[in-house]
Amino acid sequence: KAGVTQTPRYLIKTRGQQVTLSCSPISGHRSVSWYQQTPGQGLQFLFEYFSETQRNKGNFPGRFSGRQFSNSRSEMNVSTLELGDSALYLCASNPAGEGNIQYFGAGTRLSVL
Amino acid sequence: DAKTTQPTSMDCAEGRAANLPCNHSTISGNEYVYWYRQIHSQGPQYIIHGLKNNETNEMASLIITEDRKSSTLILPHATLRDTAVYYCIVRPYGGATNKLIFGTGTLLAVQP
Numbered sequence: 001k002a003g004v005t006q007t008p009r010y011l012i013k014t015r016g017q018q019v020t021l022s023c024s025p026i027s028g029h030r031s032v033s034w035y036q037q038t039p040g041q042g043l044q045f046l047f048e049y050f051s052e053t054q055r056n057k058g059n060f061p062g063r064f065s066g067r068q069f070s071n072s073r074s075e076m077n078v079s080t081l082e083l084g085d086s087a088l089y090l091c092a093s094n095p096a097g098e099g100n101i102q103y104f105g106a107g108t109r110l111s112v113l
Numbered sequence: 001d002a003k004t005t006q007p008t009s010m011d012c013a014e015g016r017a018a019n020l021p022c023n024h025s026t027i028s029g030n031e032y033v034y035w036y037r038q039i040h041s042q043g044p045q046y047i048i049h050g051l052k053n054n055e056t057n058e059m060a061s062l063i064i065t066e067d068r069k070s071s072t073l074i075l076p077h078a079t080l081r082d083t084a085v086y087y088c089i090v091r092p093y094g095g096a097t098n099k100l101i102f103g104t105g106t107l108l109a110v111q112p
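The listed protein sequences correspond, in order, to chains A and B.
Numbering of the first sequence is given in my numbering, commencing with residue 1 and proceeding in unit increments.
Numbering of the second sequence is given in my numbering, commencing with residue 1 and proceeding in unit increments.
Note that these hints are calculated values from the structure, not bench results.
We put the beta carbon where it would ideally sit given N, CA and C, even for glycine.
A hint or two may mislead.
Restraint ranges, calculated between C-beta atoms of paired labels, are given here [unchecked claim]: (1) A:Q18 <-> B:E66: 51 to 59 angstroms; (2) A:S27 <-> B:N53: 26 to 34 angstroms; (3) A:A96 <-> B:T56: 20 to 28 angstroms; (4) A:L83 <-> B:T104: 36 to 44 angstroms; (5) A:S70 <-> B:A17: 28 to 36 angstroms; (6) B:P92 <-> A:Q18: 51 to 59 angstroms; (7) B:D67 <-> A:T7: 26 to 34 angstroms; (8) B:A109 <-> A:Q41: 43 to 51 angstroms; (9) B:T79 <-> A:R55: 22 to 30 angstroms.
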């Protein structure tokens, strides 16, 4: 079974631009969560989607948004990029009935110049 | 979700058991203990979870004290590939969200 796939793996953007990151969960998983990891703040929860609906959101500004499609694939978007948005963005999927066990992708490393 | 406390770093000799402690003195009755690890530049990886009984799988063993205020993750024969940051997370099993709250974790360095 294929794991969680995140694309692209690396991305370089400049301040003010916007970016879209993609996540394909493990087949059959309907829940997708996004996390941001920085050296200063560690791993922080961004948001979670289940059956195309956002059901939980972390403490991030409105520039961070996401969505989930009917095939459970998810995208997250960051508008008006700031230098502080440079981070590793991780996606995790979770199967129903496995009690919050998250399966993480390798992440997308975003650098904002 | 209950707060956890872990040592910042630990060393272990290759081939020896690695014992990683976690304090969770405010754990609630419905909260489980989950362990994840993150090898450098990779996504976190689930290891094991438990409620009150000791648990073992192919990766590790989890020992939870009788009062459930602390636990220990045991890697029985550590290898260099076990060098990683280990996170102890306490949260309810199931529920309306899969959100995980990560602390700072323990950096385990396995020495040759």
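Evaluation of the provided hints:
{"no.": "1", "hint": "A:Q18 <-> B:E66: 51 to 59 angstroms", "verdict": "53 angstroms, holds"}
{"no.": "2", "hint": "A:S27 <-> B:N53: 26 to 34 angstroms", "verdict": "32 angstroms, holds"}
{"no.": "3", "hint": "A:A96 <-> B:T56: 20 to 28 angstroms", "verdict": "25 angstroms, holds"}
{"no.": "4", "hint": "A:L83 <-> B:T104: 36 to 44 angstroms", "verdict": "23 angstroms, violated"}
{"no.": "5", "hint": "A:S70 <-> B:A17: 28 to 36 angstroms", "verdict": "47 angstroms, violated"}
{"no.": "6", "hint": "B:P92 <-> A:Q18: 51 to 59 angstroms", "verdict": "36 angstroms, violated"}
{"no.": "7", "hint": "B:D67 <-> A:T7: 26 to 34 angstroms", "verdict": "46 angstroms, violated"}
{"no.": "8", "hint": "B:A109 <-> A:Q41: 43 to 51 angstroms", "verdict": "23 angstroms, violated"}
{"no.": "9", "hint": "B:T79 <-> A:R55: 22 to 30 angstroms", "verdict": "39 angstroms, violated"}
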